[in-house]
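Just so you know, the sequences run in chain order A and B.
Those letters in the first sequence? Residues 1 to 73, per my numbering, in order.
Those letters in the second sequence? Residues 1 to 336, per my numbering, in order.
Careful: at least some of the hints might be erroneous.
Claimed, not checked - Computed cross-link-like contacts, BS3-like style, restricted to lysine-lysine with a CA-CA straight-line distance of at most 25 angstroms:
1. B:Lys299 / B:Lys279
2. B:Lys23 / A:Lys70
3. B:Lys264 / A:Lys13
4. B:Lys237 / A:Lys15
5. B:Lys279 / A:Lys15
6. A:Lys8 / A:Lys37
7. B:Lys279 / B:Lys23
8. A:Lys69 / B:Lys19
9. B:Lys24 / A:Lys69
10. B:Lys213 / A:Lys38
11. A:Lys37 / B:Lys228
12. B:Lys224 / A:Lys8
It should be emphasised that the hints constitute simulated quantities derived from the structure, not laboratory data.
Since we're looking at a predicted model, the values are computed, not measured.
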Amino acid sequence: MCLATPAKITEIKGKGALVDFGGIRKRISLGILDGVKKGDYVLVHTGFAIGKVTAPEAEDTLKTLEELKKVLR
Amino acid sequence: MKKIRLMEVCGTHTMAIAKAGIKKLLPSGIELVSGPGCPVCVTAQGDIDRAIEISRFDNVIMTTFGDMMRVPGTKESLDDMRGKGHDVRLVYSCRDALNIARYNTGKKVVFMGVGFETTSPTVAATVIEAEKKGIRNFFVLSDFKLIFPALEIMAKSEKPAIDGFICPGHVSVITGSMPYEKIAAKYGKPCVIAGFETADILKSIIRLTDLIKRREYSVVTEYKRAVKRSGNRKAQKILNSVFEKSDTTWRGLGMIGKSGLRLKNEYRRFDAGGEFRVKIPRTKRRIACICGDILKGAKSPVECKLFGKACTPRKPVGPCMVSSEGTCAACYKYEK
């Protein structure tokens, strides 16, 4: 239930934003998160942005994922 | 060598671990057990009964998250109530419930709220929105829980004794990693906050076993791309302005002091529990169902006599089979 999906902010309108979940666009609330701007990645939970996702750390995980693929191959 | 037992606290982790087949990949010296981090599963039967009783009122539209619909109360589930013609609707967000209230002014719209620190701030923000917009027919049935008091009980537990915790990533987005520091130091249990990709979980298991081996009782965040030490301060502030801690009952764990949330005095008029005085039937325990022990990590689904026979995802007996991220549902779908 604590599922949250990363999405990219494409437009900010007042306390809400339009986000892109890799093709699916949805309007969400920015009511409980400060300091986001267009182009940021956020985690979306039940229609609210709950936190920002930072790119360098995300890349670190992607690297591990690549390593894992090599091991399992 | 002594076997290492790790607990994944969060239900979303339970599902991700089962889906990726991680248990089969691990060496025999590492055991993974599931914890009490599935909100639907730990909701007490009496709380479901209360929602069911409220949904009987003619002027009520009862709303809740999808997973909650099929969990059996003492006699029926919310889904059964819908089948009987009562207005019970599932929503994706608490704000959807608020919108239903805006467009149905002649009705009282109740949102049955379950969830941990990830979810409760979104509901707090919605209550503030209702207050600002003057929406008076919107009510919250607060069945929210706080994960840290339950985590502390797990850390103290000797049956099973847990060596380290894989901690919930999205709860930590809100709370930050700080609250785990006390638990790690006080009980000598390392904590690693994990993301939800297979790589995240495997990395966290490696890190956790390493901390245990070195007897380092600290907190490490492996989900660095989303979790900061102090968390989401704005969400914490909103949560604390609307709700206060209260004692509450967990399925399987019983009453835990200050582990629930109730609306503060200034927002009490949104409290569905105050608005609707209902008589709740006496809770009848299902004797054969061992969901209580499963939620504490004391037993695994295959130890239950009902598992896969009388209790399946199509016809679930206990909440661990109903919820899409319950331990029994995960085991049935991926590991059976």
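How the hints compare with the structure:
1. B:Lys299 / B:Lys279: Violated, because 33 angstroms separates the two Cα atoms, which is more than 25 angstroms.
2. B:Lys23 / A:Lys70: holds, 20 angstroms
3. B:Lys264 / A:Lys13: violated, 30 angstroms
4. B:Lys237 / A:Lys15: holds, 17 angstroms
5. B:Lys279 / A:Lys15: Violated, at roughly 40 angstroms.
6. A:Lys8 / A:Lys37: holds, 10 angstroms
7. B:Lys279 / B:Lys23: violated, 44 angstroms
8. A:Lys69 / B:Lys19: Within the cut-off at roughly 16 angstroms; holds.
9. B:Lys24 / A:Lys69: OK: Lys24 of chain B and Lys69 of chain A at ~17 angstroms, within 25 angstroms.
10. B:Lys213 / A:Lys38: violated, 44 angstroms
11. A:Lys37 / B:Lys228: holds, 19 angstroms
12. B:Lys224 / A:Lys8: holds, 18 angstroms
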